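Two chains, two frames, a set of hints: combine them into the complex.
Okay, here's what each chain looks like letter by letter:
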Amino acid sequence: MKLVIGNKNYSSWSFRPWIAMKTLGIPFEEILIPFGAPLGNPDFRTRLTAYTPAGLVPVLIDGDVHVWETLAIMEYLAEKFPEKQLWPADTKARAHARAISSEMHAGFLALRGECPVNLRRPIRERALPEAARANVARVDAMWSDCRARYGGPFLFGAFCAADAMYAPMVARLNTYGIKVGREALVYMEAMMALPAWAEWRTGALAETWIVPEDEADWPTVLSA
Amino acid sequence: MKLVIGNKNYSSWSFRPWIAMRVAGLTFDEEVISLYVEGSREQILKHSPGGKVPILIDGGTHVWESLAILEYLAEAFPSAGIWPSDRAARTHARAISTEMHAGFAALREECGMSFWRPPERRALSADALANIARIQEIWTSARARYGAGGPFLFGKFTAADAMYAPIVQRFATYQVDVSAPVKAYMQAMTALPGWQEWRGAALRETWVIPKFEYDWPQVKRLPAEAA
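Chains as they are written, first to last, in the numbering used here: chain G, 1 to 224; chain R, 225 to 451.
Note that these hints are calculated values from the structure, not bench results. A few of these clues could be false.
[To be verified] Within a straight-line C-alpha distance of at most 25 Å, the following computed DSS-like cross-link-like pairs (lysine-lysine) qualify: (1) G:K92 - R:K226; (2) G:K92 - R:K270; (3) G:K80 - R:K380.
Since we're looking at a predicted model, the values are computed, not measured.
Isolated chain R, as found in the complex (with noise of 0.2 Å):
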């Protein structure tokens, strides 16, 4: 299996697959595309008609979107836990996963996600901090209902956590105020293996995107070093 992502300090929608596959252990070539620039467009549309990132490739299936790539994983590898194994979880689980999938456009246009953006506030509008709000109430509610077994929303590590992950370094990066329950959830998830890897290469891209920097043209960046 291949997974086609964009750059890995700011593409959110690379990050969701590609921490679902590592965590779960699934092995997977990695083709990252620098995206915005001369050429990322034809070369994304050579393997997805949708013309975004991130596309999954299995032999001759080609899967674009994040929550069809979760669902194609969660069949092909059903031991995998890429969802939980109890119903209702798992159905919460999927209500969840798709909120993030299609909402929160305020929050998510006013911190994008960088990794290398060191950490600062930010004055946030009145949808961006409902939608904070909302997202700490799923958290919260999912760890609470389904959390026991682990230190993730539904105990162990599932899709849901995955789809999250953008949100987890959005929160840490504009220092966004929680609770302590959501704190410990993210600690948990910035600790995984998986997310200090991706972390890691992040920080080392040289590839800047000036349409998704706040200062441009100035580039706050953490070093590499920091990783």
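Chain G with its partners taken away, still in its complex shape (with noise of 0.2 Å):
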């Protein structure tokens, strides 16, 4: 299997499949394309469409089947390697699991455009609009709320496609130094921790492409 994805230091959704796979052992080669932008990489699109018809990364490639969008990479892992579980075994888990990776994957807009990811970012506080912080406070509530009902380390106890999902969100709260609640603080640390964070990080701090777009204190681009 193949995984298609972005710039490691920004492709949030890259991200995603990238650790899941990495953590719960799924052998992959990775393809990084790195975006089009004015300082990056131009023909990204170009480059990428050779894999996707949605023109967006990651892609999984295996064999001749190639899926896009992060959540139906992980329903298509999900099926190909049952003994991974990629989702909690507990249907009503599983069901709580599905929720609240689908409210990541098409929420939380304000504080994704506040905090775009950035791993070579400092750590630097950064004041956020009401929207963004009504996005922290369910974010905050949800964690707090896993960690009570399944016991931790992770969201449903053993890590999960839902901790994948919810991996560039922790990096957005560590790096724009966002204060949430203890158990959400003791969630995020168990998630740094992940041999497959340290990785992809150094990954990332090993890049030298620069988006503007996703540098938030443009032009100013701080680094560690």
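Okay, here's the thing in structure tokens:
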């Protein structure tokens, strides 16, 4: 299997299936196509079209099956590797995991707009407008609720696709120094302690592409 | 089972699991919450911490988010044909359903779903037109690859059709120019008995949401008898 991804420093969507597959021990080969941007790679779309009609990363390639869209990739992996437990085994927990994963998939636009994933940016607090603060409150409550219900260390006990869906959110809350409750903080620490997290972060920090749209302090580029 | 939904005229998200369940022949009660009025948010939060409709309630299990509801139904009713049975087709169906779930923002913003709005063309942005082109490509390629067994995206009606049902209504309401195969697909969708049932109920609703009425304070609407 091959996973086509974008820049590790910025591509929140690419991070999700990547960390899921690494953490759950599903072998794959990675194909990294940096985003098109003035200072990046202008032929991103052209190169990506070879892999997916939708023109977005990530894309999973398994033989002649091309799967695009993160959640569809998770479902594909869940069916293909039932022993890897992409989703929790319990029906009710699984429905809950899918609900919050979908909520992530289409939601939290204000927070995502204000706080782009940018792993090389040093931790620096950022003031947020009300809509983004409401997003933070929902995420904080959701994580605390999951940890209380299922016991941690991850949202549903063992690491699953829902954690992968929220991995970029962990990175955002951390990078922009956003205040969350104790339970959420403990969860973030568990996520950032994953070996796969460190591996992705190392890859991100080695990148030199700059994408102005994802630099919250532009024209300043903060770098660790 | 109970499905908690919003206004049938406007709530595109509610329409998706509702029509999937109707077409699949699943039995359920519905609770309709009038959206964007005093108390509606509290009413939704009683059922789901996500604060949004639709919500499926099955015994003690509350499932929110359309896609999660469809996955739940697919597992609970494996013979209902919620997803295509062929793996490649199912994977494709999930990819395009997810693309719908988080995409096409410009089109959704400029062409809000409204069953009672009389059909009329509307000037659209380049982004919305690009959304329309991509959707037509999605429908046409799914039909060409997997649609041989019937008039829907994967032949028989599946969750992917349910996910795109509100787009079919938007194309019809705003008289979007479409290709002949796309038109045929739209006709198959709007001819579904479940579609007609939802549309009839939408046209009879009296709850008006000003921010979804482009001509506010004027409310252009088809008479309930048009259903």
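Against the structure, the hints come out as follows:
Restraint check for K92 (chain G) and K226 (chain R): satisfied, since their Cα atoms lie roughly 16 Å apart, inside the 25 Å limit. As the CA atoms of K92 (chain G) and K270 (chain R) are separated by approximately 18 Å, the hinted pair is consistent with the 25 Å bound. At roughly 24 Å between alpha-carbon atoms, K80 (chain G) and K380 (chain R) fall within 25 Å of each other, so this suggested pair holds.
Violated hints: none; the structure is consistent with every hint.
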